Amino acid sequence: MNNRETSTCEVLFEYLSGEGSDMQRKRVERHLATCSSCKEDAALWGEVWDRLADDVELIEPPADLKEYVLGPLMESTNDKQIKKTSTLRNRIYLRWAIGTAIVLAAFLSGWLFRDAQSGISGQETSVQTPANIETLFRLSAVRESGKFDDSTHAYGVACLVRSDNKEQFVVYVFGSPQTRGGEAYQVWLLKDGKRTSAGTFTVGASGIGIMTLPLTEGISDIDAVGVTLEPDSHSSSPRGPKMFGSSQPATSGDA
Amino acid sequence: MPNHSDGELMRQLREGRRDALAELYDRHVRLVYSFAVRVAGSESLAREIVQLVFTRLWATKAEYDSSKGAYTSWLITMTRHISIDVLRRERRHQAMVPIDDINESYGSLNSDNPESVFIRSDQQSVIATASRRLSQPQRRVIELLYWKGYTLNEIAEMGGEPVGTVKSRLHQALKTLRRHLQGLREES
Ligand SMILES: [Zn+2]
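As you go down the protein sequences, you meet chains A and B in turn.
First residue of the first sequence? That's 1 in UniProt numbering, and the numbers climb one at a time after it.
First residue of the second sequence? That's 1 in UniProt numbering, and the numbers climb one at a time after it.
Derived from the structure by calculation, the hints contain no laboratory data.
Just so we're clear, the structure is a prediction, and the values are computed from it rather than from any experiment.
Just so you know, even glycine gets a beta-carbon here, dropped at the ideal spot from N, CA and C.
Just so you know, not all the hints are guaranteed correct.
Which residues of chain A face chain B? A partial, calculated answer using Cβ under 10 Å [as the list claims (entries may be wrong)]:
hint, residue
1, F13
2, L32
3, V170
4, I210
Taking the hints into account, I'd like the entire structure generated from these sequences.
This is the structure:
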């Protein structure tokens, strides 16, 4: 069944499953226009792949899930945090209950802490205090990085998710280039001109990246959030290009 | 509100209408949650995924283009990406789960949660029937690639075999699934 002689035919499945570098992906796209065998396989993939999701046994979600998920989103609207982009841009103050030094410490011990907590919450499903979510910053792609040439819809958002026994700082990015090898996106918090790392994350072929930073308490305001693309996840200060930055109140138009 | 299409609700969502978000939640949370449980295998992670999905819908006003397919497909694609990102994050912070455990955990939530209500949709029985035609190794490739978000290379490494072997197994699995999906559709 296989007359796949060229190397491009051989990486079709990597392409279809979303792997491969941008260059490889472009090569496969060009190749697909002319190779009937790959075209056939891509059609096969398309017919089956999305149907795989059907293999889900529908389960009733826990009764408290709605309040857990929607409660904070509904509340945040009352805080006028999310209502309008223009409002948001003028209101980008992040209230931390802790100093940035502790943020860093929380990051370093964060996953341990988080795992311990999810163990607990897994057992106690009866009482879940709804979290409170604030959208703190909209993150715009820094097009000057030259990394977004293929992506017209790159953006991000930074939220603070709060419930009575835990706080998490969550950063999402969308439409962002996939990380290769040891590369990592790194989130930086700026306060009074000082920059602190809040953690790293990777981005898959989907272009989506998520960083969750569990916090114990919070204290100070953050002036801005930046995201850089680093060669590895061990940067103590940015070495790679800036990929996303929080919109500045003064330049609410497109900079 | 109940008469509005999902696309219309998404437009209202972008205008900041909370009732639209609540309606979309009511319509689709069961699917999103069930999918998240299937991928993550735990209730606490599934809760987090559902929260991330709806937070994304709300906070970023994600754009849905109805000309490009059904809303549920779009939502599931997004849910899958977020679920797999969460799963990969968990994997980075935990020892790698041995491959045998993955097979055992598959479907085990059932027995842990006797109170859970399972509803089999027609589509599910179709794909489940088709999947039964696959060999165990073929099922494993699909499980690891689609449901657990491993790359083809990672799957090859886990099995200690060339990536080409994994790909031709996947190819066979897809062909078998298509054949049976077509056949079953014609029967019904
Ligand atoms: Zn080809």
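Do the hints match the structure? See the list:
Interface hint status for A/F13: upheld, as the beta-carbon distance to the closest one in chain B is roughly 5 Å, under 10 Å. The criterion of a C-beta within 10 Å of any C-beta in chain B is not met by A/L32, whose closest approach is roughly 16 Å, and the hint is violated. A distance limit of 10 Å between C-beta atoms decides the matter here; for A/V170 the minimum to chain B is near 8 Å, and the interface restraint holds. Here the hint on A/I210 is kept, as its CB sits about 5 Å from the closest CB of chain B, short of 10 Å.
Going through the hint list in order, the structure does not satisfy hint 2, though it satisfies all others.
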